[in-house]
Amino acid sequence: MMAMHRLRMLAATLLLSTLAGCMSLDQVPRAERDPIYGLGQSAARLIAEQPWTPPLEQQVLLLAPPEVDATLQANPGALNEALTRALLALKNGPQVLNWSTDRPAVDSRQWRLETTLEASGAALTLSDRTLQPYQLQLTLVRSASAERNETRTFTLSGAFDQAALESLARNHPAP
Numbered sequence: 039m040m041a042m043h044r045l046r047m048l049a050a051t052l053l054l055s056t057l058a059g060c061m062s063l064d065q066v067p068r069a070e071r072d073p074i075y076g077l078g079q080s081a082a083r084l085i086a087e088q089p090w091t092p093p094l095e096q097q098v099l100l101l102a103p104p105e106v107d108a109t110l111q112a113n114p115g116a117l118n119e120a121l122t123r124a125l126l127a128l129k130n131g132p133q134v135l136n137w138s139t140d141r142p143a144v145d146s147r148q149w150r151l152e153t154t155l156e157a158s159g160a161a162l163t164l165s166d167r168t169l170q171p172y173q174l175q176l177t178l179v180r181s182a183s184a185e186r187n188e189t190r191t192f193t194l195s196g197a198f199d200q201a202a203l204e205s206l207a208r209n210h211p212a213p
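Heads up, the sequence shown is in our numbering, so the first residue is 39 and it goes up one at a time.
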């Protein structure tokens, strides 16, 4: 009788654990549906894929405040946060600091990261949504010597779902 009771308790526990696991599959964190979050992830991967000497984990990225085209309805602070979090989440990633555009990097392993997000054309209206094309330009600048800067420029292009951008702007307005 006691064995039967334990077996029922075990079965109930397994059933509840399975149901709880299945229920959590539908609950995608807001950040993963956030188009700016995804852009930050893509930008960090692009930076990580570049050849680095010394390795990326020995580099310091000084993030200047991003410039964002107002027609995209994206908060520059949100883009900065998404990019910062994505860079910090990289395995063997760089050190990341917020920086201002008027202060240069002072060490050969410090790169100032300037970010520009622009609408790259007119919105595309589909039957079920509107897409806003964008272009993200990442410019890394460092002092290679007292008289010379080294610059690396990367570009990402894509399109945001306009409804997702509008929802993000409503739920997280610019300060």
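Keep in mind that the hints are not guaranteed to be accurate.
[Unchecked claim] Cross-link-like lysine to any residue pairs, in silico, SDA-like; alpha carbons within 20 Å at most:
1. Lys129 with Arg83
2. Lys129 with Gly76
3. Lys129 with Pro114
4. Lys129 with Leu94
5. Lys129 with Ser80
6. Lys129 with Trp90
7. Lys129 with Gln79
8. Lys129 with Gln96
9. Lys129 with Arg147
10. Lys129 with Gln148
11. Lys129 with Gln88
12. Lys129 with Leu84
13. Lys129 with Val98
14. Lys129 with Pro89
15. Lys129 with Pro93
16. Lys129 with Arg186
17. Lys129 with Glu105
18. Lys129 with Ala182
19. Lys129 with Ala86
Bear in mind the hints are in silico, worked out from the structure with no lab data behind them.
Hints and how they fare:
For the proposed pair Lys129 and Arg83, the alpha carbon gap of about 11 Å is at most 20 Å, so the pair holds. With a C-alpha separation of about 17 Å, the suggested pair Lys129 and Gly76 falls inside the 20 Å cut-off, and the hint holds. A threshold of 20 Å between alpha carbons decides the hint, and for Lys129 with Pro114 the separation of about 25 Å lies outside it, so the pair is violated. Of the pairs offered as hints, the one joining Lys129 and Leu94 holds, with about 10 Å between alpha carbons and a cut-off of 20 Å not exceeded.
Simply put, Lys129 and Ser80 have alpha-carbon atoms about 15 Å apart, close enough for the 20 Å limit, and the pair holds. For a cut-off of 20 Å, the pair hint linking Lys129 to Trp90 stands: about 14 Å separates their Cα positions. Our distance criterion of 20 Å between C-alpha atoms is met by Lys129 and Gln79, whose separation comes to about 13 Å. Of the supplied pair hints, the one linking Lys129 and Gln96 holds, its CA atoms being roughly 12 Å apart against a limit of 20 Å.
For the hint pairing Lys129 with Arg147, the CA-to-CA distance comes to about 18 Å; that is within 20 Å, so the pair holds. Of the supplied pair hints, the one linking Lys129 and Gln148 holds, its CA atoms being roughly 19 Å apart against a limit of 20 Å. The hinted pair formed by Lys129 and Gln88 meets the criterion: a straight-line CA distance of about 14 Å does not exceed 20 Å. At most 20 Å may separate the alpha-carbon atoms for a hinted pair to count; Lys129 and Leu84 meet this at roughly 14 Å.
Of the pairs offered as hints, the one joining Lys129 and Val98 holds, with about 15 Å between alpha carbons and a cut-off of 20 Å not exceeded. Pair hint Lys129 plus Pro89 holds up; C-alpha atoms about 15 Å apart against a cutoff of 20 Å. This hinted pair checks out: Lys129 and Pro93 have alpha carbons roughly 12 Å apart, not beyond 20 Å. With a C-alpha separation of about 31 Å, the suggested pairing of Lys129 with Arg186 is violated against the 20 Å cut-off.
Straight-line distance between C-alpha atoms of Lys129 and Glu105 comes to about 27 Å, which puts the hinted pair past the 20 Å bound. With a CA separation close to 26 Å, the supplied pair Lys129 and Ala182 exceeds the 20 Å bound. A hinted pair counts as satisfied when its Cα atoms are at most 20 Å apart, and Lys129 with Ala86 qualifies at roughly 9 Å.
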